[in-house]
Amino acid sequence: MNPVVESQGTGQQGHQHNNVAAPTVVPRIDILETKDEVQLLVDLPAVEPAGVQLEVHEGELQLIAIPANTDRPEAKSLLHEVKQVQYKRHLKLADSLDHEKVWAEQALGVLRIHLPKKAEIQKRKIEVRQA
Amino acid sequence: MRRISWNLLPVSPLQSFFSADLEQVFDQLVQGLKSPDPNPGQSLRLNVWESGQTVIVEGDLPGVDPENLSIEVGPDGLLEINAKSEAQPLPEGATWVRRERKSRDWNRSLQLPFRVDPSKVEATLKNGRLVVTITKQAENGPRRIPVSHA
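Line order of the protein sequences matches chains A and B.
Quick note on numbering: the first sequence equals residues 1 to 131 in the working numbering.
Quick note on numbering: the second sequence equals residues 1 to 150 in the working numbering.
These are calculated hints, taken from the structure and not from any lab test.
Check before you lean on any hint, since a few could be wrong.
What the hints assert, rightly or not - Computed footprint of chain A on chain B, listed as stretches where at least three residues anywhere in the stretch have a Cβ under 8 Å from a Cβ of chain A:
no., segment
1, 44-53
2, 60-74
3, 91-99
Computed from a predicted model, the values in this text were never measured in an experiment.
From the three backbone atoms N, C-alpha and C, an ideal C-beta is built for every residue, glycine too.
All chains, full assembly: derive it from the sequences and hints.
Written out as structure tokens, the structure reads:
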């Protein structure tokens with residue numbers, strides 16, 4: 001069973017929903033699973049840790065991220081291809097994940113979200129001793 | 001520094017990115033700011049700002065380590081940026097459930113419409129956003145020639 005499935009914000013990655021203030025972009029993610037946890041890797045360029053809002057509510061992971069505004073009103077714009085956006089993605093979490101122990105870290109503009117499995121779900125390696 | 005023959009270049013991404021009207025307005029504004037982008041990798045989107053003698057170039061490079069980033073600037077104002085975002089290695093015993101982020105190359109060549117001082121270029125990469133600060137080369141204005149009595 002897939003430990004994480006889309007609940008909102010579906011669509012092509014990088015797809016922008018029109019909004020006059022700041023278009024919403026669905027960030028690209030990778031999902032990997034280890035013995036003890038599921039990890040989400042999310043591209044969030046130009047986002048400071050303070051700009052990340054990450055919540056788990058009723059089994060749903062809600063991510064909203066606002067990149068730092070780098071408008072330079074004192075300067076003349078010669079080229080403007082990088083637009084001011086906000087990132088948003090909602091994911092439904094499996095019951096096998098411990099929703100109370102979710103944590104995240106950020107490096108190089110990539111957010112890594114750790115979703116630990118519930119203790120009873122984690123496989124235990126049974127040591128076999130010589131009789 | 002490597003030069004690129006304009007005759008062999010494909011259509012500029014700038015030309016396809018903007019609508020015809022916007023493109024026309026833009027061409028008038030930037031006057032010669034062209035983006036040849038001859039490399040097959042993904043074109044890096046950029047913002048370019050001018051403030052006095054300083055030009056600031058910004059772009060988003062999520063997952064790029066500074067060691068995998070190359071920036072070259074020539075005195076003629078040709079800026080080349082090449083970056084690679086390495087594929088995330090899997091921890092031992094882990095499996096991929098979904099892959100949307102893949103190993104990516106970004107390339108961009110940008111002809112700035114003025115000469116620059118290559119010794120006064122600085123770059124920072126913070127939270128996946130690249131900021132390149134370039135200083136224009138001081139103009140060689142008319143020089144007053146002193147005339148001495150014979």
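A quick look at each hint next to the structure:
1. As drawn, the segment 44-53 of chain B meets chain A at 7 residues by the rule of a beta-carbon pair under 8 Å; at three or more, the given contact holds.
2. Coverage of the segment 60-74 of chain B by chain A holds [criterion: at least 3 residues with CB-CB distance below 8 Å; count 6].
3. Under a criterion of three residues with beta carbons nearer than 8 Å to beta carbons of chain A, the stated coverage of the segment 91-99 of chain B is upheld, 8 such residues being counted.
No hint from the list above goes unmet by this structure.
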